Amino acid sequence: MAARQHHGLAETREEAGGGMEASGVTGGWRRRSRWPAAVREARGDGKRTMRLFGWIHTSRTLPTMMDRRLLDAAASGDATMMKHLALHDPAVLLGTTPQGNTCLHISAVHGHHGFCMDVMALNRSLLSAVNNDRETPLVAAVTSGRTSTTLASSFLRCYSDLHLSEAILMQDEHGNNALHHAIRSGHRELALELIAAEPALSKAVNKYDESPMFIAVMRNYKDVFEKLLEIPDSAHGGMKGYNALHAAVRNGNSAIAKQIMETRPALATEEDKYNKNTPLHLAVLRDKIDVLSVLLDHDRSLGYVASSLGAPLLVSAAFRGHVGVARKLLKHCPDAPLAQTNGLICLHVAVWEGQMEFVDFVLGLPQFGRLINMRDKDGDTALHLAVQKCNPKMVAALLLHPDIDVTVLNNRGSDVIGKLWTTTDHSKTLNWNEVSMLMLKADPQNATHIYNVWREAHHKVTKSSREDIKSLTQTYTGNTSLVAILIATITFAAAFTLPGGYSTDAGTEGLPIMARKFAFKAFLISDTLAMCSSLAVAFVCIIARWEDLEFLLHYRSFTKKLMWFAYMATITAFATGLYTVLAPRLLWLAVAVCTLTSLLPILTKILGEWPILKLRFRLGRNFNSELLDMV
Numbered sequence: 001m002a003a004r005q006h007h008g009l010a011e012t013r014e015e016a017g018g019g020m021e022a023s024g025v026t027g028g029w030r031r032r033s034r035w036p037a038a039v040r041e042a043r044g045d046g047k048r049t050m051r052l053f054g055w056i057h058t059s060r061t062l063p064t065m066m067d068r069r070l071l072d073a074a075a076s077g078d079a080t081m082m083k084h085l086a087l088h089d090p091a092v093l094l095g096t097t098p099q100g101n102t103c104l105h106i107s108a109v110h111g112h113h114g115f116c117m118d119v120m121a122l123n124r125s126l127l128s129a130v131n132n133d134r135e136t137p138l139v140a141a142v143t144s145g146r147t148s149t150t151l152a153s154s155f156l157r158c159y160s161d162l163h164l165s166e167a168i169l170m171q172d173e174h175g176n177n178a179l180h181h182a183i184r185s186g187h188r189e190l191a192l193e194l195i196a197a198e199p200a201l202s203k204a205v206n207k208y209d210e211s212p213m214f215i216a217v218m219r220n221y222k223d224v225f226e227k228l229l230e231i232p233d234s235a236h237g238g239m240k241g242y243n244a245l246h247a248a249v250r251n252g253n254s255a256i257a258k259q260i261m262e263t264r265p266a267l268a269t270e271e272d273k274y275n276k277n278t279p280l281h282l283a284v285l286r287d288k289i290d291v292l293s294v295l296l297d298h299d300r301s302l303g304y305v306a307s308s309l310g311a312p313l314l315v316s317a318a319f320r321g322h323v324g325v326a327r328k329l330l331k332h333c334p335d336a337p338l339a340q341t342n343g344l345i346c347l348h349v350a351v352w353e354g355q356m357e358f359v360d361f362v363l364g365l366p367q368f369g370r371l372i373n374m375r376d377k378d379g380d381t382a383l384h385l386a387v388q389k390c391n392p393k394m395v396a397a398l399l400l401h402p403d404i405d406v407t408v409l410n411n412r413g414s415d416v417i418g419k420l421w422t423t424t425d426h427s428k429t430l431n432w433n434e435v436s437m438l439m440l441k442a443d444p445q446n447a448t449h450i451y452n453v454w455r456e457a458h459h460k461v462t463k464s465s466r467e468d469i470k471s472l473t474q475t476y477t478g479n480t481s482l483v484a485i486l487i488a489t490i491t492f493a494a495a496f497t498l499p500g501g502y503s504t505d506a507g508t509e510g511l512p513i514m515a516r517k518f519a520f521k522a523f524l525i526s527d528t529l530a531m532c533s534s535l536a537v538a539f540v541c542i543i544a545r546w547e548d549l550e551f552l553l554h555y556r557s558f559t560k561k562l563m564w565f566a567y568m569a570t571i572t573a574f575a576t577g578l579y580t581v582l583a584p585r586l587l588w589l590a591v592a593v594c595t596l597t598s599l600l601p602i603l604t605k606i607l608g609e610w611p612i613l614k615l616r617f618r619l620g621r622n623f624n625s626e627l628l629d630m631v
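So in UniProt numbering, the last spot in the sequence shown is 631, and the numbers never skip.
Misleading hints may appear alongside valid ones.
[Claimed, not checked] Okay, the calculated beta carbon distance ranges per label pair:
1) N342 - T269: 18 to 24 Å
2) R556 - L587: 38 to 44 Å
3) D425 - S308: 33 to 39 Å
4) R556 - N342: 43 to 49 Å
5) G324 - G354: 17 to 23 Å
6) K377 - K331: 28 to 34 Å
7) L409 - S557: 40 to 46 Å
8) S557 - P584: 39 to 45 Å
9) K441 - K222: 54 to 60 Å
10) D425 - A592: 48 to 54 Å
11) A447 - S598: 38 to 44 Å
[What the hints assert, rightly or not] BS3-like cross-link-like pairs, simulated, lysine-lysine; straight-line CA separation at most 25 Å:
12) K393 - K441
13) K614 - K441
14) K222 - K203
15) K428 - K605
16) K605 - K561
17) K614 - K389
18) K273 - K258
19) K428 - K463
20) K273 - K207
21) K328 - K377
22) K207 - K276
23) K240 - K258
24) K258 - K331
25) K441 - K389
26) K328 - K258
27) K389 - K377
28) K240 - K276
29) K207 - K258
Don't read these hints as lab results, they were simulated from the structure. Quick caveat: nothing in here was measured; it's all calculated off a predicted structure. Where a beta carbon is used, it is the ideal one built from N, C-alpha and C, also for glycine.
Work the whole structure out from these sequences, hints included.
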């Protein structure tokens, strides 16, 4: 007890609490004492106070609110004012703000080094005072920015000289001590000083289970980490079950990972609480090849360890599609486990996640040939899953493997084509139809089944269209009429702004100058056709109120052809109109304009059907246009 009195430390958290209690002297309210027990006892005994601090003599039993003048002096660093106040009433230094801060806290936050030194010379007990957040002046200095690191170092020397170890180890309301804050704030030199002065700081974890070592590794502070690692029982944990090795893997720091494996190899098998990932699983998922190599070089058996969820490393690599990690793992562990506890193998996972590069990697390895027809717990092969995902590239890659068996049945007795039944909602997509064509080629004996699936999908699409007939009609008529009216407006205006203008000569007044030109006649005819056809489409759209699907399909086909005709006629009118004006003097330019405009419909057709053209080119003879009716 004597030692605790000498150091001036708070005895319990309750004694340092920030509550209020009734004062029998004034009848009002005062703050509870946040002062160490020894200081409180000494302040009631003048002789003892003199013995402990050399100068305090007061009859008060509780610290009062801080004098406003002292608060201003602490904030501004006015040591002269502080000394003047302390000279008249030494106990004035013990006053606190509503936040429980002393003048030493305030001056430390503002980085006033001289003021702090003068206050400590007058009353060293302030070093052990804590505010409402359980922060000592040391912590206040550490968290106040780089300008206060020198002050924090001075505080640390004072704490060490006075043997105030418990004050140095004090943790705030979040469980952070001075070392936590120093590392978190990037004060590396100060962190090294704290470790040297009080190694026990390395053992504390905050309320988030973060140790100083974990924070140091997360910030890639190798020098701080090495000092912490030298302390045998220093903590290494982090939030949610992560540890320092997880942090090294996250940052791809092979050097730190190697040091951890040499001194604390058990960390390699610890899992985080949320995802159940070991450091090796994290290295695989984050594609940290160099770190993975370091871990496996130290202990090759780690490559055979699955997580508590049953996921081996190769399955994790397949999930993210990291081929480089898989190669490195197989180099160290050629027979690394391939399957999860639920029967899913790395190929299944890669197919389901759409990792095409990883699928190609697996299919290219002879030792993985057996995986191509391997089943999961539901009896599905990789091809079943690829068809279910409607991934034509994946299906094509699997079908190219020489060992593929397209006739495998799953636990429900369903073959690969049966998976198309479950995905008929996607039957209007090119991917679904391409997969159907690929399977039609791969399993021609099952063609009837494929066409049955297609008919079922077509029936669903038709039924859905009948239910949405009104909205479909509004969509078609709205879009089509807008384009039709636009073309009609353009062609109508062109008819009254004829190329070449009108004649002013006697006898031909008001007639078009180019009336005898063949190109001009072609312009008039094409412009008239474009306007009439577009007006017809617009009028049909206005009167369209059908609720019959067959009639709607007929309307769609009819208006599409008529709009295409109007589009062609408009382009022809544009080309012939310019040709009429340019040909007499710039024949080459007139020909160039006509050539470019004539190519526009072809370009439009190619762009509009480009996905289907690519599919036709990719499948060649296996392309079946009948299966695209729903697209």
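Hint check results:
1. N342 - T269: 18 to 24 Å: Holds: the Cβ-Cβ distance is about 22 Å, inside 18 to 24 Å.
2. R556 - L587: 38 to 44 Å: holds, 43 Å
3. D425 - S308: 33 to 39 Å: Holds - the Cβ-Cβ distance for D425 and S308, about 36 Å, lies within 33 to 39 Å.
4. R556 - N342: 43 to 49 Å: holds, 48 Å
5. G324 - G354: 17 to 23 Å: holds, 18 Å
6. K377 - K331: 28 to 34 Å: Given a distance of about 30 Å, which is inside 28 to 34 Å, the answer is holds.
7. L409 - S557: 40 to 46 Å: holds, 42 Å
8. S557 - P584: 39 to 45 Å: For P584 against S557, whose Cβ atoms are near 43 Å apart, the range 39 to 45 Å holds.
9. K441 - K222: 54 to 60 Å: holds, 58 Å
10. D425 - A592: 48 to 54 Å: holds, 49 Å
11. A447 - S598: 38 to 44 Å: holds, 43 Å
12. K393 - K441: holds, 15 Å
13. K614 - K441: holds, 18 Å
14. K222 - K203: holds, 18 Å
15. K428 - K605: Roughly 20 Å between the alpha carbons, so the hint for K428 and K605 holds.
16. K605 - K561: holds, 13 Å
17. K614 - K389: holds, 21 Å
18. K273 - K258: With Cα atoms ~24 Å apart, K273 and K258 stay inside 25 Å; holds.
19. K428 - K463: Holds, because 13 Å separates the two Cα atoms, which is no more than 25 Å.
20. K273 - K207: Satisfied, since the Cα-Cα distance of roughly 16 Å is no more than 25 Å.
21. K328 - K377: The given pair, whose Cα atoms are some 28 Å apart, is violated under the 25 Å limit.
22. K207 - K276: holds, 21 Å
23. K240 - K258: Holds, at roughly 23 Å.
24. K258 - K331: With a Cα-Cα distance of about 19 Å, the restraint between K258 and K331 holds, given a limit of 25 Å.
25. K441 - K389: Within the cut-off at roughly 19 Å; holds.
26. K328 - K258: Distance ~17 Å between K328 and K258 Cα, so the pair holds.
27. K389 - K377: Within the cut-off at roughly 18 Å; holds.
28. K240 - K276: With Cα atoms ~10 Å apart, K240 and K276 stay inside 25 Å; holds.
29. K207 - K258: violated, 28 Å
When each numbered hint is compared with the structure, violations occur for hints 21 and 29.
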